[in-house]
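Participant: Residue numbers (the numbering used here), protein chains in the order written: chain A, 88 to 441; chain B, 88 to 441.
Please keep in mind that the hints were generated in silico from the structure rather than gathered at the bench. Don't take each hint at face value.
One copy or two, either will do: identical chains are not told apart, so a pair holds if it fits within one copy or between any two.
[Said to hold, decoys possible] 27 Å max Cα-Cα, derived BS3-like pairs, lysine-lysine:
1. 120 x 277
2. 277 x 412
3. 219 x 277
4. 412 x 328
5. 346 x 328
6. 120 x 412
7. 328 x 198
8. 328 x 277
9. 120 x 219
10. 412 x 358
11. 219 x 358
12. 198 x 277
13. 358 x 120
14. 219 x 412
15. 346 x 120
16. 328 x 358
17. 346 x 219
18. 412 x 346
19. 219 x 198
20. 346 x 198
21. 412 x 198
22. 120 x 198
23. 219 x 328
Number of protein chains: 2
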Amino acid sequence: MSETVRLTQTVQKGGCAAKVAAHELRALLARVKFPPTDPAVRVDGSTFDDAAIVEINDRLALVQTLDFFTPIVDSPRLFGQIAAANALSDVYAMGGLPKTAMAILAYPVAKLDRQVISEVIQGACETLSQAKTSLVGGHSIDDETLKFGLSVTGFVDPRRVWTNAGAQPGDVLILTKPLGTGTLTAGLKKGAWSENEMAEAMDSMSQINALTDLLSDTPGIHAATDVTGFGLAGHGLQLAKESQCGLEFSFSHLPLFCKALTSLTAGHLTKAHRTNAEYVGEEISFNESLSPTQRLMMFDPQTSGGLLLTVDPDRAAAILSRIQKRFPRASAVGRVIPSPAARGSAAARLSVEP
Amino acid sequence: MSETVRLTQTVQKGGCAAKVAAHELRALLARVKFPPTDPAVRVDGSTFDDAAIVEINDRLALVQTLDFFTPIVDSPRLFGQIAAANALSDVYAMGGLPKTAMAILAYPVAKLDRQVISEVIQGACETLSQAKTSLVGGHSIDDETLKFGLSVTGFVDPRRVWTNAGAQPGDVLILTKPLGTGTLTAGLKKGAWSENEMAEAMDSMSQINALTDLLSDTPGIHAATDVTGFGLAGHGLQLAKESQCGLEFSFSHLPLFCKALTSLTAGHLTKAHRTNAEYVGEEISFNESLSPTQRLMMFDPQTSGGLLLTVDPDRAAAILSRIQKRFPRASAVGRVIPSPAARGSAAARLSVEP
Numbered sequence: 088m089s090e091t092v093r094l095t096q097t098v099q100k101g102g103c104a105a106k107v108a109a110h111e112l113r114a115l116l117a118r119v120k121f122p123p124t125d126p127a128v129r130v131d132g133s134t135f136d137d138a139a140i141v142e143i144n145d146r147l148a149l150v151q152t153l154d155f156f157t158p159i160v161d162s163p164r165l166f167g168q169i170a171a172a173n174a175l176s177d178v179y180a181m182g183g184l185p186k187t188a189m190a191i192l193a194y195p196v197a198k199l200d201r202q203v204i205s206e207v208i209q210g211a212c213e214t215l216s217q218a219k220t221s222l223v224g225g226h227s228i229d230d231e232t233l234k235f236g237l238s239v240t241g242f243v244d245p246r247r248v249w250t251n252a253g254a255q256p257g258d259v260l261i262l263t264k265p266l267g268t269g270t271l272t273a274g275l276k277k278g279a280w281s282e283n284e285m286a287e288a289m290d291s292m293s294q295i296n297a298l299t300d301l302l303s304d305t306p307g308i309h310a311a312t313d314v315t316g317f318g319l320a321g322h323g324l325q326l327a328k329e330s331q332c333g334l335e336f337s338f339s340h341l342p343l344f345c346k347a348l349t350s351l352t353a354g355h356l357t358k359a360h361r362t363n364a365e366y367v368g369e370e371i372s373f374n375e376s377l378s379p380t381q382r383l384m385m386f387d388p389q390t391s392g393g394l395l396l397t398v399d400p401d402r403a404a405a406i407l408s409r410i411q412k413r414f415p416r417a418s419a420v421g422r423v424i425p426s427p428a429a430r431g432s433a434a435a436r437l438s439v440e441p
Numbered sequence: 088m089s090e091t092v093r094l095t096q097t098v099q100k101g102g103c104a105a106k107v108a109a110h111e112l113r114a115l116l117a118r119v120k121f122p123p124t125d126p127a128v129r130v131d132g133s134t135f136d137d138a139a140i141v142e143i144n145d146r147l148a149l150v151q152t153l154d155f156f157t158p159i160v161d162s163p164r165l166f167g168q169i170a171a172a173n174a175l176s177d178v179y180a181m182g183g184l185p186k187t188a189m190a191i192l193a194y195p196v197a198k199l200d201r202q203v204i205s206e207v208i209q210g211a212c213e214t215l216s217q218a219k220t221s222l223v224g225g226h227s228i229d230d231e232t233l234k235f236g237l238s239v240t241g242f243v244d245p246r247r248v249w250t251n252a253g254a255q256p257g258d259v260l261i262l263t264k265p266l267g268t269g270t271l272t273a274g275l276k277k278g279a280w281s282e283n284e285m286a287e288a289m290d291s292m293s294q295i296n297a298l299t300d301l302l303s304d305t306p307g308i309h310a311a312t313d314v315t316g317f318g319l320a321g322h323g324l325q326l327a328k329e330s331q332c333g334l335e336f337s338f339s340h341l342p343l344f345c346k347a348l349t350s351l352t353a354g355h356l357t358k359a360h361r362t363n364a365e366y367v368g369e370e371i372s373f374n375e376s377l378s379p380t381q382r383l384m385m386f387d388p389q390t391s392g393g394l395l396l397t398v399d400p401d402r403a404a405a406i407l408s409r410i411q412k413r414f415p416r417a418s419a420v421g422r423v424i425p426s427p428a429a430r431g432s433a434a435a436r437l438s439v440e441p
């Protein structure tokens, strides 16, 4: 039955690494004339934020997001859990609480055992239960390869939305989960690692990014985004641009999964490692002491990665210790600096120190 | 550029015909333990209704639905328009007004010209403009074949929701669009018809099912559903079961696209013609005078098909004439009858008369 199928072997690219590259997306959307946007839409795709915000009244707004991908792991149930955690993440990244989800499912009906698909959906349902989110519908089609994901709607108080545009120079950067799922899952697909060997990354990808409930009464969170397919550098750059600031990372403070650097050194890469580096381009500078492998980690595409928060430096220690109760490997990984323009220089927006 | 690609030739199955068959879906969902549903969720997938209803307060509820598919036509812009009209339809089928949409996009980045994808999105945006719906986000992946669709959220007054559970014996059945898109698009894919020859069906598939604004002050609409991949018989059966009634169709009153019967006679079929017939099984009976081709029309999978309404017989003429201002081929196609159980018989739920 399902045990005989290795899901990662049924697809070319797994997880967020299959995402269309940011530069490609910008190029094709540049030619489109979009419909007029309702004034109630406070945040939409144009700011490259994680989710849309649609105001219903002055106390309630919808947070909406959608994500789906090909299998990133071999176990169907785990794939469903990860896909759900990944889709829910954008709602959490905006400070919202997810409420409803609809399933996006495509699979080869004749080739893939029905039990495999039931297990994928079961895994997603378990994660939705943890997130107190109802599965209210969905759509399924017969397709060459398996894809699964969710469209998610949450609620947020419009006065308490976290966006990627609020970072202030001096803020401390907090990253809630370790990096390295891109290279580790690429190695898994090649058979270099087993799911057991990368259990820490598996657990991390299936953990929901729920912070809203933990931090709802906590002031000092200025901006947030979730770190997924475009990597820490790609999502960091989007946040820096929208906030009109720069970011300085301290490499030694970045939480990394066990074996992640080894896996990069061994050359377990996805196409997204290259396209993410191209997307960030000259906007990142590295301390010369950092090795090529260490630099590559900044572009590693994350699936169900953590949240990147920018927080008031006076409150950073208290906020971090709260977050660590749920995400033990959360770390302070750098700080927000003025934008290169404000500094009167032509320097890069992102810098990575040792 | 885009003119050189015939989109229907890039996929095995087009449009709603690619939908996973109803019996397959039931079988795989039967094994899943779903998360507990929030009491605010008034309608979810379990009733096979068109969209979910999530109550926000006693005057406002969300209507949520999601739909995507492979190209059903060759023109990218037209495909985008049809995909959008099809996805919006479920919101209209519940008596709602769509507000926001998120795009679901998968395509072979290296193989398909970027301009083709821009045109698909442009087509969708034009339809969203007509529906006064904002495009607020989406997700795109690199995939073997093109797929496009939308997740749509609308608003509805919870006291005025149209569901598939309210039909009453004696109601008149109104169908707003002609039937036949399944066989016509199968013929198009084989090169038997050109897009010009089936212009009426093309226009119909790209027309939004907006009736809510037209009928918002009109009493007497008891139930509604939209007719898509499971065909008139499949969606009619779901409505009949949820309403605990039977339906009697008059074949000669069914609006059919020009060439639809010819196309069926010529054998332009999809797999869904068979799976839809299997799904309905013994629950349909045909007058013996109806030909095999005429019977097959009841199972023709519709893409962006019309709405099937059941209305108070005393108001049916007035409602139909209102609908015809926007949908000139809308017709009264039969009536609601008591369920076989109520009639004390083992007869089928659906019957088709000449």
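Participant: Against this structure, judge whether each hint is valid.
Facilitator: These are the hints, each one checked on the structure:
1. Proximity of residue 120 and residue 277 under a CA criterion of 27 Å is satisfied in neither setting, with 42 Å inside one chain copy and 33 Å between copies.
2. In the homo-oligomer, the alpha carbons of residue 277 and residue 412 never lie at most 27 Å apart, since the shortest distance is 35 Å inside one protomer and 60 Å across protomers.
3. In this assembly of identical chains, the alpha carbons of residue 219 and residue 277 never lie at most 27 Å apart, being 36 Å within a copy and 47 Å across copies at closest.
4. Proximity of residue 412 and residue 328 under a CA criterion of 27 Å is satisfied in neither setting, with 31 Å inside one chain copy and 50 Å between copies.
5. In this homomeric assembly, residue 346 and residue 328 never come within 27 Å of each other (Cα to Cα): the closest approach is 32 Å inside a single copy and 55 Å across copies.
6. Taking the shortest alpha-carbon separations for residue 120 and residue 412, neither the intra-copy value of 46 Å nor the inter-copy value of 30 Å comes in at or below 27 Å.
7. Taking the closest pair of Cα atoms, residue 328 and residue 198 never come within 27 Å of each other, the shortest separation being 45 Å inside a single copy and 32 Å across copies.
8. Taking identical chains as interchangeable, the C-alpha atoms of residue 328 and residue 277 are never at most 27 Å apart, the minima being 36 Å within one chain and 49 Å between chains.
9. Only between protomers do residue 120 and residue 219 lie at most 27 Å apart by alpha-carbon distance; the minimum there is 15 Å, versus 37 Å within a single protomer.
10. For the identical chains of this complex, residue 412 and residue 358 are neighbours neither inside a copy (35 Å) nor across copies (53 Å), given an alpha-carbon limit of 27 Å.
11. Taking the shortest Cα distances, residue 219 and residue 358 never come within 27 Å of each other, neither inside one copy (35 Å) nor across copies (38 Å).
12. For a Cα distance limit of 27 Å, the shortest separation of residue 198 from residue 277 qualifies both inside one copy, at 22 Å, and across copies, at 25 Å.
13. Taking the closest pair of Cα atoms, residue 358 and residue 120 never come within 27 Å of each other, the shortest separation being 30 Å inside a single copy and 37 Å across copies.
14. Taking the shortest alpha-carbon separations for residue 219 and residue 412, only the intra-copy value of 20 Å comes in at or below 27 Å, while the best inter-copy value is 45 Å.
15. When the C-alpha separation of residue 346 and residue 120 is checked against a cutoff of 27 Å, the pair qualifies neither within a copy, at 45 Å, nor between copies, at 35 Å.
16. Taking the shortest alpha-carbon separations for residue 328 and residue 358, only the intra-copy value of 24 Å comes in at or below 27 Å, while the best inter-copy value is 50 Å.
17. Taking identical chains as interchangeable, the C-alpha atoms of residue 346 and residue 219 are never at most 27 Å apart, the minima being 33 Å within one chain and 50 Å between chains.
18. Only within a single protomer do residue 412 and residue 346 lie at most 27 Å apart by alpha-carbon distance; the minimum there is 24 Å, versus 66 Å between protomers.
19. In this homomeric assembly, residue 219 and residue 198 never come within 27 Å of each other (Cα to Cα): the closest approach is 33 Å inside a single copy and 41 Å across copies.
20. Proximity of residue 346 and residue 198 under a CA criterion of 27 Å is satisfied in neither setting, with 34 Å inside one chain copy and 35 Å between copies.
21. For the identical chains of this complex, residue 412 and residue 198 are neighbours neither inside a copy (43 Å) nor across copies (47 Å), given an alpha-carbon limit of 27 Å.
22. In this assembly of identical chains, the alpha carbons of residue 120 and residue 198 lie at most 27 Å apart only when taken from different copies (24 Å versus 40 Å within one copy).
23. Taking the closest pair of Cα atoms, residue 219 and residue 328 never come within 27 Å of each other, the shortest separation being 33 Å inside a single copy and 30 Å across copies.
Checked against the numbered hints listed earlier, the structure breaks hints 1, 2, 3, 4, 5, 6, 7, 8, 10, 11, 13, 15, 17, 19, 20, 21, 23; every other hint is satisfied.
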